[in-house]
Structures are given as C-alpha cells and as structure tokens.
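Given chain B, put chain P in place with the hints provided.
Those sequence lines, one after another, are chains B and P.
For the first sequence, position 186 (counting from the first letter as 1) is numbered 186 according to my numbering, and the numbering increases by one without interruption.
Add 1000 to a position in the second sequence, counting from 1, and you land on the number used in my numbering.
Simulated from the structure, these hints should not be mistaken for laboratory data.
Where a beta carbon is used, it is the ideal one built from N, C-alpha and C, also for glycine.
Among these hints, one or two may not hold up.
As the list claims (entries may be wrong) - In the DMTMM-like style, the derived pairs of lysine to aspartate or glutamate whose C-alpha atoms are separated by at most 25 Å in a straight line are: (1) P/Lys1058 with B/Asp54; (2) P/Lys1058 with B/Glu132; (3) P/Lys1058 with B/Asp36; (4) P/Lys1074 with B/Glu21; (5) P/Lys1074 with B/Asp36.
What the hints assert, rightly or not - Which residues of chain P face chain B? A partial, calculated answer using Cβ under 8 Å: (6) Ile1047; (7) Leu1050; (8) Ala1053; (9) Leu1054; (10) Leu1059; (11) Arg1068; (12) Leu1072; (13) Tyr1267; (14) Glu1298; (15) Phe1334.
Stated by the list, open to error - Over 12 Å on every C-beta distance to chain P, these chain B residues come out as not near it, computed from the model: (16) Ala16; (17) Arg17; (18) Pro18; (19) Ala20; (20) Glu21; (21) Ser24; (22) Arg80; (23) Asp81; (24) Ser82.
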Amino acid sequence: MRAAPAPLPRHAGREARPDAELLSAVASGDLGALGDLYDRYHADIWRLVHRMTDGSGEVDDIVQATFLALPRLATVFDGRDSCRAWLCGIAVGLAARQRRGVARLLRRIASFGEMTPTTTTADPEREAGAREELRAFERALARLPWKKREAFVLVELEGLSMAEVAHALRVPAGTVRTRLFHAKRELRQVLARGDR
Amino acid sequence: MKRECDRIWQVDALREGALSRKDAESHERHRATCSECRDRFAGDARIVALGRALPGPKLDEVRVRRVRMQLLRKAAAGASSLPRVRWLLPALAFAAAASMGAILTHRQAPVAPVRVAPVASAPGVSAFSASVDGRPGARWDQKRDGGTERVRLEEGTIALSVRHQEPGERCLVDLPDGELEVRGTRFEVTAHDGRTRSVQVAEGAVALRLRDAPERSLAAGEAWKLDDDTRPPTPRPRAAAVATSAPAAPPVIPAAPSATADAVDEYTRAMELYGAHRWAAAAGALHAFTASHPDAPEADDAEFLEASSLAYAGRPDAAAIVAEHYLDRHPHGFHARDAAVLVARSARDRGDCAKARAVLAPWTGAKASADVTAALGACGR
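One chain only, chain B, in its complex shape (with noise of 0.2 Å):
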C-alpha cells in the first residue's frame, strides 16, 4: 500500500470551514475567505511547485498565481471535501506554463547570441551534502519530461491517488497511470545505471 503523504498543516485552534464553501465565498469576493485557504494549503503548494521546479526559478510568483486564480476559478470545483488535489492540479499548470515561457525565452536569447542556455545552479552547501544516490535522483528527476515528473510527484510524492491526479490533470487516469510507469521506470533506469 502506497505510504500516507506527509502530514499537512491544517488550521490550528480555528473551526474547518469546508473547503468547498471557502471555494463559494472566494468566488463571491471574500478575500478572507481566499486567505484562509491559502493559510490551508500554501505549505502543499510550495512544497509540490518546489519538486516540480527544482527549487528554481520562480515559486513563490507560481504558488501566488494558483491561489490568485481561485476567484475566478472557484466556480468549477466541483465540491468534493477537499480541494487538494484540485490546487495541485491549478499549480502544476502555472509552473508548466511558466517553464515553457521561459524555456522559450531562453532559446530565443540562445540563438540570438548563441550562447547556450543555463541551467539552474544547484546550491553548493546542499550539493556537498548531499548524499550520491540522492544527488543522482534529483537530477534524473530534474531530466524527467514534465508530464512523467508531475504524475510521479503527484502520485508518489503528493500521494494523491490515481483518480484525484486525474481529475486535477483532466485527463483519464489511465493516462496518469501510464506517465507514472514511465516516470518510474526513467528513475529506476537511472538509478540502476549509478548515472551521476
């Protein structure tokens, strides 16, 4: 059986209200309402942008850009009790669509000037720390195509199930389950080769 995620900030000394009806009062203009759940989930959301983007680039514009897009997204969640999966689903969108803009942009600087284009420095502290195995993981998850690498974090790492990826991805969950076979084999792959 598949490990529970971590354990998840949730509201301390304050009464729940359901996600659903936080999503309602969004909708309808209340910025308390928006704040509350982003005090709810913002952990999640960072946590989940950081994996997919490596820690770079920009994550807090991304995690910003997912709760900034509940106003007008709000009506079309669909109520269920929590909207998890379906933030996840928001987040891993900005951040695909952020990283296509600058890949793009660095491309075209590229072949302008052609330079080659960067990639993001790792922290030094952390790269001296870092244990081998788990260096070589980070960077064959980093080369990982994006829609291997969401469905693996999702799923493995999120643990969101098959269904709730699917339905935050709006894709059949055979798809997810396809992307996440692949993902797995790619990281199995690398690691059995010791690819550092």
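Positioned in the frame of chain B, the structure of chain P alone reads:
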C-alpha cells in the same frame, strides 16, 4: 529475449491499493520467490523514498506572509494572471540588442492568410453530400454511386462544403494527379494543366493523396501548394475548425501568461463535455482549445482526446485524421499508440492495409496487444 514475469503488473497494482486482500497476499508470497517482482518492488520503494528525502522549500514566516499579503492585494485589485518573470525585461532588452543584425538580414516575407470564399448552397444537389461552387472557368462534375460520392476536378478552382460523412459513406475529389478524401469539411482546391496546384482547408480535415507522394492530412486553417511539395504542410493554425460561418480562418490567439486562466477554463469545460460523453461537443471544444492554446501543456492530450471524441461520435475517418496529426506532432507522445490504433482502424476499413500496418509497425510483433491486433484485423493476417 528474457520474458517479463506475468505478475509484474501486480507490483503497481499493489502500491495503488488496487488488489484485493487475497490477491495482495498471493502476490506477496509470489514475490518471495520471484526476483523480478522483488527487484521491481524494491526499486519503486527506493525511488519513492529518495523523492521524499529531497530537500523541500525553505519556508520562513516572513516569506509566507509576504506572498499572502501580495496575493490578497492583487486579488482585491482583480489581478488573475501569472506574474511575469522578473528578469524578462532585461533579458528581452539583451535579446533585442543581440538580434538587431539578425532581424535586419533575415526578414521573412509575411505569410499570406488563407482565404476561402463562402460556399454557396447549390440548388438541386441535395442528393449529394458535397455542395460545390465552381469558380469561373472551372471544369468539374459530380456523381454519386451508393455510398461513394465523387467530385472530379479537371481544371480550375472549386470550393466545397461537405457535410459529415455517415458510416459507410465516402466523399472523394478526383484530381488530375491524385485524389482528396473528405470527411466533412469546407475547403477549396485548384488544379491546372493536369496538376493539383493548391488545397486550402477552412473547416474539418482532408486527406490528400497525389501520385508519387505520401498521403498528407490537412486540417482546418492549413494549406498546401504545389510549390510547397518538398516542405511539410504549413503549421496548423487550428482556430478555424469550430467556426461554422466565418469564411476565413480567424487569427490564432497566441498563448500568453494572461491567457492562463482562460486556458484552464476552456480545458475544464471541454473535459466536462468529454466526461459527460457529449462526444461531438467535446470534440469541438477540444479542437477550439488546441487552436487557442497550441502551446498549453494540455494541448497534446486535447488533440488526442479530440480524436477519441470523434471516434466515439461515430466519425472514425475524422478521428483518424486528427489522430494522424497527433502522431505527426507527438510521434513519441503518451497517446501515440492509441492514436495509431485510430488511424489503423480507419485505414483498414477503407482497405488500405499497407497504411494500417505501417502506422502500427512500432507496436506489432510477438507481443502485440489485443487492441493493436484488432485494429489490424484482416490486414494483420
């Protein structure tokens, strides 16, 4: 070649919690004796453990509060777009300076927009599925034999509006040097001096088969000219596909950060239609989404799901054309095999076994799956 353990799939099913208790226990007993399943299980557990061990974001109270404050301020102001990359302007300035010479020396001629005149309904041809509007000087005729309708173009330009073909129906345009197969569309074709000169598609899709040239699919907004014969078809501005009254393809809306929420809305609506099995509406909505947001991460899913919707809607030929487009754009995409199945089924049904076999070649062989074998049908024997 070593054959994979028949029960290896249970490793994933077990992790998903999809096995019954009895099956799970059975698999665990099996794993104790099967090194392959054991290795797979351990390998999966290892990569998940490593993933969870990766350092997370360093969230401090100030950072969290700063973003919260900005969020609420922007929400109050009605902003909804993804903030621009902070170094965008300096980078663009650099790019502009670096590219000045290149821009001056590599100016491309503007691409002429596709223009298709509105097709008039021809009186007295209601028995036909195609309404043909011949331009001055055009020589053409039209006949129907059972479920097959043929428009023969000898010379000049004709514009056609063809209703969707029912199962068992075909509509073909005989050209001096080939043929066009139509699957419900609006397009214009020109022939001159025994050669097909151009095809411009306003709606739907056509398959162009010319002598001594591979079949090519043209979708809404695409054009082919004889001069382009050595080049691939023009990039696909698909925005015109769902318009039913506009005479020419509207401009494509480029994807931009500000379009993010629109894209999410559109895709959500399209998937709701898909989930509700409203196949024709879903196909239209998915097509419109791909046209408006060709660079969106969901675009390749949308394109395949459009093909899938068309197939469910009972339009296998149209599904095949869209699926073929998908394969052109995403030859190694997640849906490549399923798209190839759609293309192969259509090819098989019209007796084009060579094409059916070719498109499924990567997935045939000793381990061909049941759907691949079924798609080939008699063509596989």
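Next item on the list: Take a quick look at B/Pro18 and tell me if its Cβ sits farther than 12 Å from every Cβ on chain P, holds or violated.
Entry: 20 Å, holds
field: Interface exclusion of B/Ala16 relative to chain P, criterion Cβ beyond 12 Å
entry: 18 Å, holds
Inset, instruction - Go through the hint on P/Leu1059 and say holds or violated, using the shortest Cβ distance to chain B against 8 Å. - result: 6 Å, holds
field: Nearest-CB test (12 Å) between chain P and B/Asp81
entry: The claim holds: B/Asp81 sits with its nearest Cβ about 19 Å from chain P, beyond 12 Å.
| message | Is the interface hint satisfied for P/Leu1072? The criterion is a beta-carbon contact with chain B at less than 8 Å. | response | 5 Å, holds
**Request:** Tell me if P/Leu1050 is really an interface residue toward chain B, meaning its C-beta lies closer than 8 Å to one of theirs.
**Result:** With a minimum Cβ separation of about 4 Å from chain B (threshold 8 Å), the hint on P/Leu1050 holds.
Is the hint on P/Tyr1267 kept, meaning its closest Cβ partner in chain B is under 8 Å away?
6 Å, holds
_Confirm or reject: B/Ser24 is not an interface residue toward chain P, with every Cβ-Cβ distance exceeding 12 Å._
With a cut-off of 12 Å, B/Ser24 remains clear of chain P, as the shortest Cβ separation is near 15 Å.
query = Should the interface hint for P/Glu1298 be scored as holding, given a Cβ-Cβ cut-off of 8 Å against chain B?
reply = 7 Å, holds
Agreement of hint P/Arg1068 with chain B interface, Cβ distance less than 8 Å: With a closest approach of 6 Å, the P/Arg1068 hint holds.
Given the proposed pairing of P/Lys1074 with B/Glu21, does the C-alpha separation stay at or below 25 Å?
-> Measuring from Cα to Cα gives roughly 22 Å; hence the hint holds.
task: Verify the proposed pairing of P/Lys1058 with B/Asp36, using a straight-line Cα cut of 25 Å.
output: 21 Å, holds
Of the numbered hints stated above, none is contradicted by the structure.
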